[in-house]
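So the sequence lines, in the order shown, correspond to chains A and B.
Heads up: take any position in the first sequence, counting from 1, add 58, and you land on my numbering.
Heads up: take any position in the second sequence, counting from 1, add 5, and you land on my numbering.
What the hints contain is simulated information worked out from the structure, not anything from laboratory work.
Please note that the accuracy of each hint is not assured.
[To be verified] Facing chain A, according to a computed beta carbon distance under 7 Å, are these residues of chain B, among others:
1) F16
2) P24
3) G49
4) I60
5) G62
6) R65
7) G85
8) G86
[Said to hold, decoys possible] The list that follows gives simulated cross-link-like pairs (lysine to any residue, SDA-like), each with its CA atoms no further than 20 Å apart:
9) B:K53 x A:F327
10) B:K53 x A:A289
11) A:K60 x A:G354
12) A:K519 x B:M59
13) A:K390 x B:K32
14) A:K155 x A:F327
15) B:K53 x A:G513
16) A:K60 x A:P233
17) A:K344 x A:P233
18) B:K73 x B:E26
19) B:K53 x A:G354
20) A:K342 x B:T40
21) B:K31 x A:G354
22) B:K53 x A:P179
23) A:K342 x B:K53
24) B:K32 x A:E326
25) B:K31 x A:A299
Backbone N, C-alpha and C fix where the C-beta goes; we use that ideal spot for every residue, glycine too.
Listed below, chain by chain, are the residues.
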Amino acid sequence: MKICRIDMSTKSISFEEVKEEYVGLGGRGLTSRIISDEVDATSHPLGKNNKLVIAPGLFAGTLAPSSGRLSVGTKSPLTGGIKESNAGGTAAQSLAKLGYKAVIIENKPKNQELNLIKITPEGITIEDASYLKMKGNYEVGNILREKHGEKVTVMSLGQAGEMRLTAASIAVTDPEGRPTRHCGRGGTGAVLGSKGIKAIVIDPGKENKVEYHNIDNFRAAARNFSKSVLAHPVSGQGLPAYGTAVLVNILNEAGGLPTDNFREGRFEFAENISGETMFETIEKRKGQTTHACHPGCIMRCSQVYNDKKGDYLTGGFEYETIWAFGSHCHIKDLDSIAKMDKMCDDFGVDTIDTGVAVGVAMEGGYLEFGDDKGAIKLLEEIGKGSPIGRIIGNGAAFTGQAFGTERVPVVKRQALPAYDPRSVKGQGVTYATTPMGADHTAGYAVTSNILGVGGVVDPLKKDGQVELSRNLQIATAVLDSLGFCIFVAFPILDDETAFPEVANMINSKYNTNFDINEILAGGQEVLKLEKAFNQRAGITKAQDRLPEFFKEEAVAPHNVTFDFTDEELDKTLEF
Amino acid sequence: MRNIQIEVRLFAYLRELLPSESRGVKKIEIKNCLTIDDLMDEVGILEKEIMIVMINGIRRLDYNESLKDGDRVAIFPPVGGG
Ligand code: SF4
């Protein structure tokens, strides 16, 4: 394995052996470590002193199921703190097959430039990409595949990344070459844009450089782990059949589906935008209800959503996106929401921060709640790069400032996702305390709060939530480092044989002898590093808080507030 | 004994138990003091097909609980996401 450094000021490329301390790190563990070791926390996120680290997880390219997540780490232009954002798609597996442990992009060109990085078995080259200027991810992918071959993976920026907007994502193509998988959160696309890079093309070639210390043991452990994943009702049946959108009705029933910019916990039109409706619509239009975002995913929660004529409209259409443009904005037309999902994928913006920003613009009186046509027009402005488009493309916090409203659901300037923190309290603890800014995946307490996976913790009460969020945040840091899709947490939480098999996989690949506790301690280390970086960047406990309206306004139907004290929240990651 | 009215809401593939135009929702009259368990029998759901039962938005773990007039009973098979 090797680490590659690309200096965008001199256009020089160098390769280094993996340092001893980095050998056991991958994915988020490695990106956060390198950012923490090499980037001054007070650097401007878009300046030459920030870096962008791309790292496959420790299991990328292996026989482990659903292990192809790609981590991108940087200092976030959105939160001002450390950021790891991960995506599916085929990039992590391609990089691992080529023997890359990480690619570090540093420095920046003097003038504004657009470049293409090409990674192949022959090495890495940097080419001019000015012909892609202000093109969207779909077109960029088509042009690059025509030039570089149908099989390549494309990571790219849409218009938003080029403009360095703080909700800009980095798109990663799925097995069909569609830019539907994104490192969405925290504005990683803006950092790549600041380095003068429009796209990265990866051609893994034929040879697979992934090595195992003991492949037979690894294979046996991977097989057992796959069995656990497939035997669990959520990861084995629920996710493949209905995807994540099935959560619309679950959260609506539970009173945790934020509606009209977090005014209500239920949406009167939930059924129109539900997973069940989506499933029927996809079937009727002959799309795909089940789809893997990368080869080797056995949970296959993704899908292909066609338009009324039966032509491809969008894919990777997730619950959080449906929520952000749906109930959050009081929009009830699933086709309009699908169209906005496609636009976000194409312009390269985070669907959560952008959808929440549209709702905040509604709050500010720019358009009416429920106005789907107006929302679509507003999104078009991002692609055009107009001033209003730039406002929305900078995310919810910026949009709230632009429209002078205080009702802005963000933590550390990152938009809250699709679970009301008052009625799914464990989720609220995670939003407040994760070093990432409001993020549902960082410690997905919906498991025990709503789904009854990994035990039962009452979502409306405070009891047990801090501990739940802490344990989940630690476990997630581990899974993000291995490159596992977070949904393998479902079997891990319920089947006690699953995590030991993860340890077996680590040990048989890397010739180590870790037990479960040592692996979890590694997760804690990641969080400690991230917290320390944030502190150096000036992010203190005062930012580990939800906006005050969550404490003051009770949300229907359960009429609950977010009632944790500051001291209680501060205990979450105290270790 | 007088009857009570409740609203049953079925989700994902459990909806196949009801006509498709009902979108999984049905108001039914049942005898007073019927439990969640009795209701499942009435609708034809096996316990192993169930992952979550919520009454008026609050999850229930004890299916011997009696239902009350006007209850909104949501029943989910094993599904989930993130
Ligand atoms: S479960 Fe879904 S998000 Fe996770 S790896 Fe599979 S397709 Fe991708």
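So, going through the hints one by one against the coordinates:
{"no.": "1", "hint": "F16", "in the structure": "holds (5 Å)"}
{"no.": "2", "hint": "P24", "in the structure": "violated (14 Å)"}
{"no.": "3", "hint": "G49", "in the structure": "violated (19 Å)"}
{"no.": "4", "hint": "I60", "in the structure": "violated (10 Å)"}
{"no.": "5", "hint": "G62", "in the structure": "holds (4 Å)"}
{"no.": "6", "hint": "R65", "in the structure": "violated (11 Å)"}
{"no.": "7", "hint": "G85", "in the structure": "holds (4 Å)"}
{"no.": "8", "hint": "G86", "in the structure": "holds (3 Å)"}
{"no.": "9", "hint": "B:K53 x A:F327", "in the structure": "violated (30 Å)"}
{"no.": "10", "hint": "B:K53 x A:A289", "in the structure": "holds (14 Å)"}
{"no.": "11", "hint": "A:K60 x A:G354", "in the structure": "violated (24 Å)"}
{"no.": "12", "hint": "A:K519 x B:M59", "in the structure": "holds (16 Å)"}
{"no.": "13", "hint": "A:K390 x B:K32", "in the structure": "violated (24 Å)"}
{"no.": "14", "hint": "A:K155 x A:F327", "in the structure": "violated (46 Å)"}
{"no.": "15", "hint": "B:K53 x A:G513", "in the structure": "holds (17 Å)"}
{"no.": "16", "hint": "A:K60 x A:P233", "in the structure": "violated (25 Å)"}
{"no.": "17", "hint": "A:K344 x A:P233", "in the structure": "holds (19 Å)"}
{"no.": "18", "hint": "B:K73 x B:E26", "in the structure": "violated (26 Å)"}
{"no.": "19", "hint": "B:K53 x A:G354", "in the structure": "violated (29 Å)"}
{"no.": "20", "hint": "A:K342 x B:T40", "in the structure": "violated (38 Å)"}
{"no.": "21", "hint": "B:K31 x A:G354", "in the structure": "violated (41 Å)"}
{"no.": "22", "hint": "B:K53 x A:P179", "in the structure": "violated (51 Å)"}
{"no.": "23", "hint": "A:K342 x B:K53", "in the structure": "violated (29 Å)"}
{"no.": "24", "hint": "B:K32 x A:E326", "in the structure": "holds (18 Å)"}
{"no.": "25", "hint": "B:K31 x A:A299", "in the structure": "violated (24 Å)"}
Comparing the model with each earlier hint shows violations of hints 2, 3, 4, 6, 9, 11, 13, 14, 16, 18, 19, 20, 21, 22, 23 and 25; every other hint is respected.
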